[in-house]
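8 protein chains.
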Amino acid sequence: CGAGSPPSSYYILTSSNQQTSQVQPLNNISVGVGPVLVPGHLDRSQIVTSTGKNSITIHEYQRWGDSFKTQVEETLAENISILLQTPKVAIYPWERAQRPEYQVYVTIRRFEGKTGMNVTLDAIWQIVRVDTDNSLLTRHFVETFPVAENNISSYVQTQSNALGTLSQEIAKGLHSVVAQ
Amino acid sequence: CGAGSPPSSYYILTSSNQQTSQVQPLNNISVGVGPVLVPGHLDRSQIVTSTGKNSITIHEYQRWGDSFKTQVEETLAENISILLQTPKVAIYPWERAQRPEYQVYVTIRRFEGKTGMNVTLDAIWQIVRVDTDNSLLTRHFVETFPVAENNISSYVQTQSNALGTLSQEIAKGLHSVVAQ
Amino acid sequence: CGAGSPPSSYYILTSSNQQTSQVQPLNNISVGVGPVLVPGHLDRSQIVTSTGKNSITIHEYQRWGDSFKTQVEETLAENISILLQTPKVAIYPWERAQRPEYQVYVTIRRFEGKTGMNVTLDAIWQIVRVDTDNSLLTRHFVETFPVAENNISSYVQTQSNALGTLSQEIAKGLHSVVAQ
Amino acid sequence: CGAGSPPSSYYILTSSNQQTSQVQPLNNISVGVGPVLVPGHLDRSQIVTSTGKNSITIHEYQRWGDSFKTQVEETLAENISILLQTPKVAIYPWERAQRPEYQVYVTIRRFEGKTGMNVTLDAIWQIVRVDTDNSLLTRHFVETFPVAENNISSYVQTQSNALGTLSQEIAKGLHSVVAQ
Amino acid sequence: CGAGSPPSSYYILTSSNQQTSQVQPLNNISVGVGPVLVPGHLDRSQIVTSTGKNSITIHEYQRWGDSFKTQVEETLAENISILLQTPKVAIYPWERAQRPEYQVYVTIRRFEGKTGMNVTLDAIWQIVRVDTDNSLLTRHFVETFPVAENNISSYVQTQSNALGTLSQEIAKGLHSVVAQ
Amino acid sequence: CGAGSPPSSYYILTSSNQQTSQVQPLNNISVGVGPVLVPGHLDRSQIVTSTGKNSITIHEYQRWGDSFKTQVEETLAENISILLQTPKVAIYPWERAQRPEYQVYVTIRRFEGKTGMNVTLDAIWQIVRVDTDNSLLTRHFVETFPVAENNISSYVQTQSNALGTLSQEIAKGLHSVVAQ
Amino acid sequence: CGAGSPPSSYYILTSSNQQTSQVQPLNNISVGVGPVLVPGHLDRSQIVTSTGKNSITIHEYQRWGDSFKTQVEETLAENISILLQTPKVAIYPWERAQRPEYQVYVTIRRFEGKTGMNVTLDAIWQIVRVDTDNSLLTRHFVETFPVAENNISSYVQTQSNALGTLSQEIAKGLHSVVAQ
Amino acid sequence: CGAGSPPSSYYILTSSNQQTSQVQPLNNISVGVGPVLVPGHLDRSQIVTSTGKNSITIHEYQRWGDSFKTQVEETLAENISILLQTPKVAIYPWERAQRPEYQVYVTIRRFEGKTGMNVTLDAIWQIVRVDTDNSLLTRHFVETFPVAENNISSYVQTQSNALGTLSQEIAKGLHSVVAQ
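Each protein sequence line maps, in turn, to chains A, B, C, D, E, F, G and H. First residue of the first sequence: 195, per my numbering; consecutive thereafter. First residue of the second sequence: 195, per my numbering; consecutive thereafter. First residue of the third sequence: 195, per my numbering; consecutive thereafter. First residue of the fourth sequence: 195, per my numbering; consecutive thereafter. First residue of the fifth sequence: 195, per my numbering; consecutive thereafter. First residue of the sixth sequence: 195, per my numbering; consecutive thereafter. First residue of the seventh sequence: 195, per my numbering; consecutive thereafter. First residue of the eighth sequence: 195, per my numbering; consecutive thereafter.
Treat the hints with caution; some may be incorrect.
[As the list claims (entries may be wrong)] Derived lysine-lysine pairs resembling DSSO-like cross-links, with alpha carbons at most 30 Å apart:
| hint | chain 1 | residue 1 | chain 2 | residue 2 |
| --- | --- | --- | --- | --- |
| 1 | A | LYS263 | B | LYS263 |
| 2 | B | LYS308 | C | LYS282 |
| 3 | A | LYS308 | H | LYS247 |
| 4 | B | LYS308 | C | LYS263 |
| 5 | A | LYS308 | B | LYS263 |
| 6 | B | LYS282 | B | LYS263 |
| 7 | D | LYS282 | C | LYS366 |
| 8 | D | LYS282 | C | LYS282 |
| 9 | A | LYS263 | H | LYS366 |
| 10 | H | LYS263 | H | LYS366 |
| 11 | E | LYS247 | F | LYS263 |
| 12 | H | LYS263 | G | LYS263 |
| 13 | B | LYS308 | C | LYS366 |
| 14 | A | LYS263 | B | LYS282 |
| 15 | C | LYS282 | B | LYS247 |
| 16 | D | LYS247 | D | LYS263 |
| 17 | B | LYS263 | C | LYS366 |
| 18 | D | LYS282 | E | LYS308 |
| 19 | F | LYS263 | E | LYS308 |
| 20 | B | LYS308 | A | LYS247 |
| 21 | C | LYS282 | C | LYS366 |
[As the list claims (entries may be wrong)] Quick list of simulated restraints, FRET-style, between CB atoms:
| hint | chain 1 | residue 1 | chain 2 | residue 2 | range |
| --- | --- | --- | --- | --- | --- |
| 22 | D | ARG333 | E | LYS366 | 19 to 29 Å |
| 23 | D | GLN218 | C | GLU295 | 31 to 41 Å |
| 24 | D | GLU295 | C | ASP325 | 15 to 25 Å |
Just so you know, these hints were derived from the structure itself, not from any lab. Every residue, glycine too, gets a C-beta built ideally from N, C-alpha and C.
So that you can see chain A by itself, here it is in the shape it has in the complex (with noise of 0.2 Å):
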């Protein structure tokens, strides 16, 4: 079977963990995250950058430690739990006894971009009452986040930086919510 192919190299998303002032803790509140959607020519193991208006390139070495899916769930729960400093943030589906109060569904629209430029994250998410079902608020998020380095690394920090982002607004909502 000819030469083996050239080693790859693996990526994870990674929580932005410095709590910032401008959310307030919310520590016994308790969120499930997920079900996460992603479009559908992100949802493998390699990574996606954008090469023209409606083209990508799937980059068949630079791969996700596993599926950019988890990948993204991991990391908004991560950076979910720290923002507002409760530990009772589960990734959905969660056993019975996790049951969360708010459940936060997520759709990412677009999340790509190119290496040295940038990357634009356009998601709707949307807070639901678990116990009730009956959703609370849904929002539109869509922002530009420039890419410091014409390399990978520094593609996927940017990503991890637009989920930051993204996190801080879904913490906000919450807060709305549990305002009401």
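Using the hints provided, position chains B, C, D, E, F, G and H relative to the given structure of chain A.
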């Protein structure tokens, strides 16, 4: 075995993200897009163009980011969300908590053409009231769009524009059913 | 694994999209086409022509865009929709909200011939009232169509025409049952 | 691996499509054909001939258009439809709306022979009233048919004729049960 | 993948199709044959002969038309049908409409031997009344049959004869239970 | 690929088919044999012998006609049927109509040894009344049998004899429970 | 498939089949052994030894007769049956008719070591009353056993001895619960 | 095909098996550990270390004895059993008879680092009362542990220590809920 296959290039349909004055916002309407049916010979990961009246070319190394069907669903949903300025646009199948008021069924009969020539979009779309499941409006959309350049990128761009125009029709349709 | 196989060419059946004066519109009738049964030896992605009274040729490198059965279903549905000028024509199986008033069962017994010679279409079609499920009309259609040139493209074109003629019979049948 | 296998030639059983004076039309009878059982050693896509009293030849490169069982079912149904001049002949299993009045079970015990020699068809056929499910008539059919030439095409033609004769018996049987 | 394997020759068990005076017809009895159990080491598509008291030869290139079990079932059913001159003999499992009055269970314990020597058939057969499911008759059949020539064809012929004799016992058994 | 593997030789366990004076017939008792449990390391199609106190040899090219478990089940059933001179001995699982009065569970713990040395059979057998499902008799059988020659055929013969002796114990057990 | 892999040698755990004076018989107690849990890294067909505090060697060509888990279950059951001199010892899962009075759950946490050094067995065993399902006794067993020689056979022998000692503890435990 | 892959070395997490004075025994508490969730990119049989802020190395030839998730579950259960000196510690999912009073849910968010540098364990643990299913205590544990040497064995040892510390926290937590 033998020489590796040439690298594929990957394309995505994109939303025409400029609100047009033609369509007023309906920002607390909730809409569900799908199921979207596409012709058998287009429902694959390769891009398809027509070569004669009844023959097509399946481009092995020019592929969609994932499948053509998912690309069409995601782009229609994004367009309608932008046109009506509502975040509450979900893709079929949706979670109970995201059940929309109106559901848009789309059956695409023809959606191909020739690079450097034109693309024809021939589709039936139908708006259904979700809680009563009765069908409010069924329309037939058929229009031909010129393809600027003789390459796949431009072909894909034209298909994006075609879906943009179809989305405007659907958005106007939603206005008419809401007005009843 | 040896030399790659020669590239296949792909064909699709096309609707004869000119309304004929023979058939009046029935533009708010709703029709469901299928299940459509095709003979075992034709239900494949390769195009089949007959070489003798009881022998056929299976063209490995001349193929349908997807399967012959789907091509026939989609083309019949499109023809009927154009002939009766109604968008409400669905292909079996349909969603609850798209349940038609009338359902057209089609069993194709013979639908092959020779390039440059002719093609014979031998089919049974039956119109059923969907809510009562009782059968209103059953007809046998058999007709031979000349194939202009000695190539597959012309063969496929002839098959398209044959389905066009069959569709007109079915459209007239729908008129007769509606009139009762 | 290595040289490709030689190309196969494909055969189909054909209906003897001339109404015979022997059988009167019964043109609004509805008949269901099947399940049709064929001997294990014939139920394959290769054509089988016998080489000795208890040995057979399986022709790797002479094959049925699909499987022998489907060919027999389709040809019997077509013959009966032509003989009784009724379009309402369905093959098991059928849709609810196509439920026939009479169902014909066929168990084929022997249906092989030698090219250039003869073919023996040995079968049990049984007519059952569908709504009451009780068995009206069970007959044993056994007859030997000469094979004109020493080639598979002629062998297949002989098998078609054999099924033609069996169909006439069944058609007469249907007349007798209807007359009761 | 090296040289192709040598071509296999295929064999079938055949019914001894001469009614014997020993058995009177029972021409409106309905009989179901099976389930027929065969020893694990015989239930394969290769023909098996014994080479020593406790060792067997599995003939890779001498095979049954399909599986040994199906061959035995079909041949027993055909024999009983011929002996009792009744078409109503079905093989397990049967359709509701073909439910027989009497069911014959057959468990074959030994059914092998040596070419040019002999074959021993050791089997238990049992007749059960189908509607009451109670067992009317259970017999043990064991007999050794000479194999004329030292080749597989003659070996298979001997096995056919053995099943012929067993069928006669079963036919007589059916007479005795019917007479009760 | 490469040289074919050497041809395997196949063995079967055989019933010691001489009634012994030790056991009286019980010719209308009905007995079910099984489920029979064999040790994990013996339950395979290769023949297993022991090479040391806690090591075994798995003979790749000396194999059972099918699996060791089936061979043991079939041989025990045949022995009991011969010893008690009753045809009504079925192997688990049986059809409803063949439900036996008594069911014999057998768990084999040790059943290996060395060619030219000896074989030890260590088994627990239990007789259960089928309709009440209560256990009537549980016995432990352990005995060592000399292997005449230093070859697999003789080893298999010894295993057959061992099962013969075990069958006699079980037959006597059946006498004792029937006598209660 | 270059050179064939070297032949594997296969090992089995054996019962220490000498009743010890330490344990009195309980010959009409019925005991069920299992489910037996073994650590993930041992539950395979290869034999595992430890090479450092937190590293192990998986011996590709030294394998258990089947899986380590089955070997442990069978050996524990055999030991208990010999120690208590009762045949009524079944392995989980058992047939209804073999339902035991007492069920022994065993969770093995550590069961490895070094050839020529020693093996440590660290296990939790628990006796449960089957009909009431309440837990009567839970004990922790941990002991280190010297491995005589520096080879796998001696290693396996030591593991057999370890299970022998554990079985004695369990047997004594059964005495104590029976006595209550 | 081609050269075999280099041999892998296998590692296991080990319990820090010295009771610490910090934790008092609770020797008749019954605890269930799990479900334990680990990050997607760690849940594999290869050992994972981090190479940069958001990139990891997957060590193809340094692997866990089985999967990382099972290693973590088994080690936590063993630690808690040793710390609280109770044998009654089961791993999820457990048998009915082993249902614990308290269940410990563990979600590990970060558990990687660099050889010769350090490892960070970031986890949420929660104690739930099993019969009432209500959550008694939820804590966030995050600590960084130095890795002594620049090799995988030392890295694995550090991860074992980290789990040891986490286990102590959980053990203290169990004391606090029991005390309520």
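Okay, the hints, checked on the actual structure:
1. A:LYS263 x B:LYS263: holds, 20 Å
2. B:LYS308 x C:LYS282: Within the cut-off at roughly 29 Å; holds.
3. A:LYS308 x H:LYS247: Holds. A:LYS308 to H:LYS247 sits at ~20 Å (cutoff 30 Å).
4. B:LYS308 x C:LYS263: holds, 25 Å
5. A:LYS308 x B:LYS263: holds, 25 Å
6. B:LYS282 x B:LYS263: holds, 21 Å
7. D:LYS282 x C:LYS366: OK: D:LYS282 and C:LYS366 at ~20 Å, within 30 Å.
8. D:LYS282 x C:LYS282: holds, 27 Å
9. A:LYS263 x H:LYS366: violated, 36 Å
10. H:LYS263 x H:LYS366: Holds. H:LYS263 to H:LYS366 sits at ~23 Å (cutoff 30 Å).
11. E:LYS247 x F:LYS263: The given pair, whose Cα atoms are some 19 Å apart, holds under the 30 Å limit.
12. H:LYS263 x G:LYS263: Between H:LYS263 and G:LYS263 the Cα gap is close to 20 Å, so the pair holds against 30 Å.
13. B:LYS308 x C:LYS366: Given pair B:LYS308, C:LYS366 is violated - Cα atoms ~35 Å apart, limit 30 Å.
14. A:LYS263 x B:LYS282: Measuring from Cα to Cα gives roughly 21 Å; hence the hint holds.
15. C:LYS282 x B:LYS247: Holds - the C-alpha atoms of B:LYS247 and C:LYS282 are around 25 Å apart, at most 30 Å.
16. D:LYS247 x D:LYS263: Given pair D:LYS247, D:LYS263 holds - Cα atoms ~23 Å apart, limit 30 Å.
17. B:LYS263 x C:LYS366: With Cα atoms ~34 Å apart, B:LYS263 and C:LYS366 exceed 30 Å; violated.
18. D:LYS282 x E:LYS308: Violated - the C-alpha atoms of E:LYS308 and D:LYS282 are around 55 Å apart, more than 30 Å.
19. F:LYS263 x E:LYS308: holds, 26 Å
20. B:LYS308 x A:LYS247: Within the cut-off at roughly 20 Å; holds.
21. C:LYS282 x C:LYS366: With Cα atoms ~17 Å apart, C:LYS282 and C:LYS366 stay inside 30 Å; holds.
22. D:ARG333 x E:LYS366: 19 to 29 Å: Holds: the Cβ-Cβ distance is about 26 Å, inside 19 to 29 Å.
23. D:GLN218 x C:GLU295: 31 to 41 Å: Distance hint for D:GLN218, C:GLU295 holds at roughly 37 Å.
24. D:GLU295 x C:ASP325: 15 to 25 Å: holds, 23 Å
In summary, the numbered hints that this structure violates are 9, 13, 17 and 18.
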